[in-house]
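Quick mapping for you: the protein sequence lines, in order, are chains A and B. Numbered per this note's numbering, the first sequence spans residues 7 to 446. Numbered per this note's numbering, the second sequence spans residues 354 to 598.
Zero decoy hints are in this set.
Derived lysine-lysine pairs resembling DSSO-like cross-links, with alpha carbons at most 27 Å apart: (1) K453/B - K358/A; (2) K368/A - K466/B; (3) K360/A - K472/B; (4) K450/B - K368/A; (5) K472/B - K358/A; (6) K453/B - K369/A; (7) K443/B - K360/A; (8) K274/A - K580/B; (9) K565/B - K11/A; (10) K163/A - K34/A; (11) K12/A - K574/B; (12) K417/B - K351/A; (13) K266/A - K574/B; (14) K453/B - K351/A; (15) K416/B - K360/A; (16) K351/A - K450/B; (17) K416/B - K351/A; (18) K351/A - K466/B; (19) K472/B - K369/A; (20) K473/B - K375/A; (21) K472/B - K368/A; (22) K369/A - K443/B; (23) K416/B - K358/A; (24) K443/B - K351/A; (25) K351/A - K472/B; (26) K34/A - K252/A; (27) K491/B - K140/A; (28) K537/B - K37/A; (29) K369/A - K466/B; (30) K466/B - K375/A; (31) K443/B - K368/A; (32) K368/A - K473/B; (33) K140/A - K537/B; (34) K566/B - K12/A; (35) K369/A - K450/B; (36) K358/A - K450/B; (37) K12/A - K565/B; (38) K597/B - K12/A; (39) K583/B - K375/A.
Read the hints as simulated data drawn from the structure, not as lab findings.
As a plain string of letters, each chain reads:
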Amino acid sequence: MDLQKKLEILSAAAKYDVSCSSSGSNRKNTKGGLGNAASCGICHSWSDDGRCISLLKILLSNYCIYDCAYCVNRASNDVPRAAFTPQEVANLTINFYRRNYIEGLFLSSAVTKNPNHTMELMYESIRLLRQDFKFNGYIHVKVIPGADFSLIEAVGKLADRISVNIELPSEKGLKLLAPQKDKQSIIRPMNFISSKIDERKEERKVFKSAPLFVPGGQSTQLIVGATQDHDINILRLSENLYKKYKLKRVYYSAYVPVSKNPLLPDLKTPPLLREHRLYQADWLLRFYGFSANELLDEHNPNFDTKLDPKANWAVNNISLFPVEVNRAEYEMLLRVPGIGVRSAKKIIMARKVKSLSFDDLKKLGVVLKRARFFITCNGKYFFNHDMDQFLIKQNLINGWEANDWEIIGKNQEWEQISIFSLIPEKPTLQDRIMSITGEI
Amino acid sequence: MVNYYYDGTFDGLLTSVYESYYGIALPDRVFRTKNIQQSIWDKNIDIVTDSEKASKVYEAICKKISYDALRNAYHAYLSELDDIDTYILKYLRFGFKMGKSVDLYLTSEEVLKVHSAAKKVRTESHLLLGLLRFKKLKGDIYYAPYSPVHNITFLISGHFVRRLSDQFWVIHDTKRSLAAVYNKVECVFTDLPTELQYQSATTDDEFESLWKKYFNSICIKDRVNPKLQKHNMPARYWKYLVEKQ
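Sequences are here, hints too, so could you generate the full structure?
Here is the structure:
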């Protein structure tokens with residue numbers, strides 16, 4: 007089989023792996039070597055689905071001995087199969103890298119023969135790159151659950167980031183859909199990696215030249231919508247992973263129907279809005295100081311489809327508002343819907359030299375569309391009604407000013423909504439904007 | 354109205370700042386010579402670039418305002434936006450008055466304009482670190498033509514010096530006829546002989562077709578979202594993108 011065909015098969019097989027970030031590592035180039043890592047990460051292209059392409063994301067092989075129901079590469083699925091040699095992987099990576107197509111390599115694999123055999127081949131590919139080709143660009147390796155820890159450690163010494171996929175949010179789901187995997191075989195390597203990272207960090211405090219161990223940290227991914235789990239279970243799981251194993255990222259992947267298995271839900275389209283809500287909430291956990299239990303509880307175990315998680319929280323905690331922008335703490339500013347990290351920082355800076363009015367906020371580029379319901383500027387409240395929970399909620403959902411309607415009207419997909427009608431799963435105007443910027 | 358005309362170099366702009374304090378008149382507007390739009394009522398002053406005056410201003414900015422302010426002014430200068438030179442001058446003069454707190458006055462017009470221009474330049478620089486495409490030509494020269502909105506070649510070349518340190522490469526801004534040429538030792542800026550452009554059009558690079566294949570097969574068809582793609586990767590950059598041809 008020629009290289010082009012292999013690349014086609016093995017990249018198509020890898021496309022459901024969400025992670026493509028190249029951040030967190032600042033590996034330097036070496037003398038006579040090729041490449042370095044940029045700690046901010048660099049996107050090199052965006053595919054037609056709008057997702058960023060930063061790394062050459064491929065499977066080493068898609069011959070799989072497992073038969074997980076949700077996976078395209080399951081043994082019982084009739085798809086073309088192929089396998090790269092480590093040489094081919096290194097060759098592609100180097101040549102793409104020299105042309106600035108990519109930031110590095112994301113190497114995953116189906117389980118061929120057994121986990122150790124697969125992991126050894128993956129190790130050999132990146133050893134070739136690092137040692138023979140003196141490649142110092144970004145490398146992300148997916149750990150195969152069940153592989154020996156010694157192999158994981160060897161890979162970790164060469165890679166910038168490694169990840170173990172959680173796959174499904176609950177053990178029940180795993181038993182049902184991926185009977186050959188179990189929770190322990192996923193959690194144990196995660197625990198091992200995080201303890202190794204800590205160990206190496208301590209070492210590097212003493213010896214600056216101590217070798218690196220996954221400087222970009224570890225991440226994981228789970229599939230949303232293939233099992234019955236509620237959003238709150240998923241979010242609590244993420245929160246634990248961030249706290250306990252200090253994960254850099256948890257990725258959520260809306261389940262794309264790849265199988266007609268009766269154990270799986272019959273979806274027409276992937277649950278993208280739900281995925282989006284989870285990412286919004288994930289951001290709130292990591293950068294906005296929220297906890298999972300503040301956002302959801304047993305009575306409301308799933309996110310509102312019409313309101314983003316932060317606005318939803320604000321409406322439910324309306325007694326904490328309005329917030330005076332000229333005096334509020336940074337942490338509280340961050341909790342105002344519509345004010346993000348960047349806006350909050352700008353407000354803190356600008357108010358040192360001048361007391362801020364609504365017009366000033368506009369100049370700073372703070373989006374007042376949602377914020378106006380929750381803030382005062384020098385005691386003035388912008389929304390000329392009472393702080394009424396339901397009124398604000400309706401306004402957030404439906405828009406308020408006449409020109410909001412115009413924007414909605416321009417887009418044929420959007421119908422005008424009467425205040426008390428229940429809208430089916432359609433994102434609000436704000437969501438459409440945010441799904442573009444990825445910010446809350 | 355008093356207009357300053359300078360030669361388009363950053364030193365020239367800094368000399369203008371110097372002259373605004375010690376010259377005949379405070380300018381209302383500052384132009385690079387190429388944008389000539391004179392009116393008979395205007396008083397036009399040509400600024401002669403003086404590297405000594407410029408370096409005095411340069412050092413004064415670092416000492417009396419901040420290094421950040423110098424960086425903002427330089428990046429805004431590279432934006433080449435209309436009227437930006439006028440705002441840079443006002444921003445620096447405001448800076449000499451307020452000291453390092455100048456960057457906190459986010460609501461004043463000159464600070465706002467300079468910050469937003471500088472941000473545009475930095476955003477584009479970062480984007481093009483990813484979107485630049487090299488093509489391998491004869492003699493193992495990697496050639497990357499592009500036409501950025503802002504003049505960012507100076508800003509992005511350092512990244513490639515560090516990253517692609519073991520290969521010959523050329524980054525060519527076709528809009529400004531400016532090239533960064535790297536010979537494995539140092540990077541020099543020059544206008545480019547047309548030879549490379551011609552060679553690039555006539556050579557095939559096998560990895561281009563492999564990259565296109567990859568680009569197409571990595572996309573999840575159930576999630577196609579051209580609007581999001583265009584938002585992240587504006588169509589004005591597609592001309593030089595292998596995968597979009």
